[in-house]
Amino acid sequence: MSNGDFPSMDIRLPKIKPGIIKLSVVGLVILIVLFSSFYQIRPEEMGVILRFGKFVRTTDPGLHLKLPGIEQLMKVPVQRQLKMEFGFRTEVPGIRTEYSVTPETQKESRMLTGDLNVADVEWIVQYKIKDAFNFLFKLRDAESTFHYMNEAVVRKIIGDNSVDEVITVGRARIALEAKEELQSLCDLYEIGIEVNQLIFQDVNPPPPVKPSFNEVNEALQEKERKINEAWSEYNQEIPKARGEAEQLIRGAEGYATERVNNAEGDANRFRAIYREYARAPLVTRKRLYLEAINEILPKINKKIIFDEQMKNILPLLNLGEEVIK
Amino acid sequence: MTMTKQTIQILIVVAAFLVLFILFNAFYIVSETNQVIITQFGDPIGGAITTPGLHIKVPFIQIANYFEKRWLEWDGDANEIPTKDKKYIWVDTYARWRIIDPLVFFQRVRDERGAHSRIDDIIDGETRNAIANFDLIEIVRSTNREFEMTEEAVILDLASAIVKIQIGRERIAQIILEKSSKTTPEIGVELKDVKIKRINYVDEVERKQFDRMISERQRIASKYRSEGDGKSAEIRGQKEKELLKITSEAYRTAQEVKGKADAEATAIYADAYNRDPEFYQFMKTLEVYRNIMDKETWLLLSTDAEFLKYLKSYRK
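Going down the list, the sequences are from chains L and A.
With this note's numbering, the residue at position 110 of the first sequence is 110, and numbering never jumps.
Count along the second sequence from 1, then add 1000; that gives the number in this note's numbering.
Extracted from the complex, chain A is given alone in its bound form:
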C-alpha cells in the first residue's frame, strides 16, 4: 500500500494540529486574581503557583486547578440569638476570607461552595457563643460616648438610664474573628474582619420596643404640654404682679404729691391768716354766708339785727 502525495499532506497537517494541541495544553496562565494547584491523576504535585504569568506543565497528565487568590466575601444568613440579658435579636454578620492554602482547601472543601458552608458553620457558631455571652447594650455600642443632652434626653433622664459597656461591638466582633480563625486554617482559609452588619429585634421584641418608644414620646409630649401650661401661668402671674406694682406705685406717688401740695397750701394759708386770725374768721364767715344762702333760703330777721337798726330809728 503506497501513500499518495495527498495523503501525506493530510497527515502532516493533522500531526501539526496535534502538536499544537499538546503544546497548548502544556501551557497555563496564572492571572493576578487566581492561583493554581497542579494535580497528576488527581494527586496534587508541588505547592500552589501564585505568581501571575505563563507556566508550563506536563500536558494531559497534569491538570491545572484554579483557585481565587483575592479576598472573598462571606455574608451569612441572619441568626436569631438570645443575648445574655435574654433579648432575642437577629444578628447578621459578614466577613472576608481568602484561600491561604489552596492544597488544603482543595483537599478539604474542594471549592468555594464547600468552603462557604463550612465558614457558615464556623462563624455562625462563634457568633452564637459570643452574642449569648453579652448583654444587648454591649453588642449595640462600641464606646461609652456620652449622648448629647437634648431636651428630650433630659426629660427621659437618659443620662442615668445608660449602662456603661465593658467590651463593645467592635471587640465582640474581634472575639468572633479570633475564635473562628482558630478553625479555618483546617480548610486552608484565612479569615479577616468579621463584622456585625445588622442587629435587629425579633418581631415580638420589636413590638414591645415600639410600645416603649411610644410611651417615652408620650412622656415627652405631656411634659411639653405641662411646661406650656406652667410657663404661661408663670407669665400671667408675673403680669398680675407687675400690674399691681404699677397701679399701687402710681397711687402712692399721686397721694404723696397731693399730700405735699396740701401741706404746702396749709403752710401758705397759715402764714397769711396768722396775721389776724379774727379778721380771717370774719372774712371767711362772710364768704360762707354768701355761699350757703340762695333763693330757697328762708331768712327770719329780727329788727335787733345790726344792719336793721335804722329800720326802726334813724338815731345813732
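This is chain L alone, in the form it adopts within the complex:
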C-alpha cells in the first residue's frame, strides 16, 4: 500500500496561541488531580485506603482527601443489613413478594435429619460486615465462603435433630443454635461478618412425602373430633340423668311426707273418735254402724230383702240375667 492512495494531509488546524494550549493542559491536569484526590463516603459505608497496596487507614462517612495515584480507595458497606437466601430466591421484593425455586435452590434446601429422614429447609440469614479489613483481606470471596458456611452449619445441626423436631417443635431452637454456631465459625474464619439473624422460612417434608404428613394432621384432627363428640354426648346426657335422679328422689321425699302426714292424720282421727267412743262404747258403736248403713244403702240400686223363713225364693230371682246385662 503506497501513500499515494491517501489524500495528502491538508487539514488546517485553527491558529491557537501556544500559551493558551499550555494553560489549558495545566488546568486539565490540576482538575484530574483534584478529582482523584477527593472522595466521598456515604453514611452506610466505610472507606479503606491502601497506599501502594498497603493498608493505611479507614475513613468514616463524609468528604475526604487521598494522595492521587498513590492511594487506592475501597468502599465497604459496613452499616448495610445484608441478606442471603437459601432454598429460594426473592424475585420481586415488595408487598407481594415473588419467590422462585429452581432445581439449584432445591439442592440447597434438601437435607438429611438425624433420624435419617429427609427435609426441605429454607432459610435466610441477615448479616453485616463487622470488620472491613478482615472482610477484604483475610479471605477472598468472603460472601461465597459465607454461603458455604451457612449450608454446612445448618445441615450439621439439622443432622442432630429428628425430622419431627425440624418440622415442628424444634424450629426456633435449631435456628438459634445455627445462628450461634455460624457466628463462632465466622469468628474462627476471621471473615469479618456479624450474623444478626438466621430465620427458617418454609420447612417441609419433601413433596412426595408431604401428603402423608398432611394425613397425620388430618388423623390428629379426626382424633380430636371423635373425642370431642364423645365428650359432648357425655355432657348432654349426664346432667339430664342427674336432674332425673333428683326428680325421683324429690318424688320419694314427697311420698314420705305424704305417707307420714296421712298416718298421723288417720291416727289422730282414730284417737279422737276413740276418746269419745271409750265413754259410751255401746251406743257409739250402734250409731257408727247405722250411720254407715245409712250411707251405703242409698247408693245401692238392687236391694233385695227377704225373710229368713222364705229363703227358698232366692233361686227364682233371675240373677243371671242381670249379671249378663
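Among these hints, one or two may not hold up.
Claimed, not checked - Simulated crosslink set (DSBU-like; lysine-lysine; CA at most 30 Å straight-line):
1) 138/L / 128/L
2) 1057/A / 66/L
3) 1084/A / 138/L
4) 1164/A / 1084/A
5) 299/L / 1312/A
Hints listed in this document are in silico derivations from the structure and should not be mistaken for laboratory results.
Mind docking chain A on chain L? Use the hints.
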C-alpha cells in the same frame, strides 16, 4: 551529519520516556491481598515477598509473579460414595486453602487452576476413604443428643431406633482434613476446615427413604385414628357407667326414703290402733263397706240382719 536543534530535543524526550519506562518497571506493588515471587529468566530469585507496599527489582530482567495471599475457597463437586453400611449418598464438601509456599506452588502447579485440580484429587480421594469407613449415621450426626420425644417420636419408638455414634460428622471432616493436609504441602498449599456441605441420598435410595417416611407417617396416622376411636369409646363407657350409677343411686335413695316413711307410718298407726284393736277393726270394716259398695252392687239382705229387725217387729 549534524543534528539540528529539533532532533536533539526529540531525542531528549525519547530518552526521558525510556528512563521513566525502565524506572516504572523497576518498581512493583505488593498489596494486602497478594504475595510476589521474583523470577529471573524464569528462575525464582529469593523467597516470597509478602509485606505490602512498594518494592524494587531489576527492570525487565526480573519479573514479578503475583500469588493470592488470602484464604481461598475450594468447592468440590458432589461425589457419589457408598457408606460402610452400603448406603449410596452424594457428599459435597468445601474447604479453605491458601498458598503457604508460593515458590513450591509456582513450581508444582503454576496457578490456582492447577492447584484446584490437585486439591480436587486430594480431598475427593480422602473424602471417599473416610465416608466408606463409616456408617451413614456417623456422617449425619455430630453428637449423641437425644431427640425431643414428640408424640410422633413416641409412636415410632424413635428412642430405641437411634444408634449411638462413635465418631460423628465433625470428626470425620477432621479426618479428611488431616489426611489431605499431609499431601497439600507438596504443592505449597495449606488446607483448613474441610467441611461436609451437603449429604443427600442418591435418587434410588431417596425414593426408598421416602417410602419409609410415608409408611412411618401412615403408622402415626392410624395410631391417631385408633386413639380417637379408643378414647371416645372410653368416654362413652365412662358415661354409661355414670348414668347407671346416677339412676341406681337415685332409685336406692328414693326407696330408702319411701321405706323409712312407710315404717314411720306403720309405727304411728300401730301406736294409735293398739289402744283398741277390736274398735279399729270395726271402724275400718265400716269404711271398707262404704268403699266397696256402689250402685252396681246387689245386696241381698235377710230380715235377720240386726238393723232390719224392726222391719218385722217393733219389739225390743
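(message) With the threshold set at 30 Å, check whether the alpha-carbon distance from residue 1084/A to residue 138/L stays at or below it.
(response) Roughly 38 Å separates the two Cα atoms, so the pair is violated.
(message) What's the verdict on residue 138/L and residue 128/L, does the C-alpha distance respect the 30 Å limit or exceed it?
(response) 16 Å, holds
(message) Between the alpha carbons of residue 1164/A and residue 1084/A, is the straight-line distance 30 Å or under?
(response) 16 Å, holds
(message) Hint check: residue 1057/A vs residue 66/L, CA-CA at most 30 Å. Holds or violated?
(response) This hinted pair holds, its Cα atoms lying about 27 Å apart.
(message) Against the 30 Å threshold, does the CA-CA distance of residue 299/L and residue 1312/A hold or violate the hint?
(response) 24 Å, holds
In terms of the numbered hints stated before, the structure departs from hint 3 and from no other.
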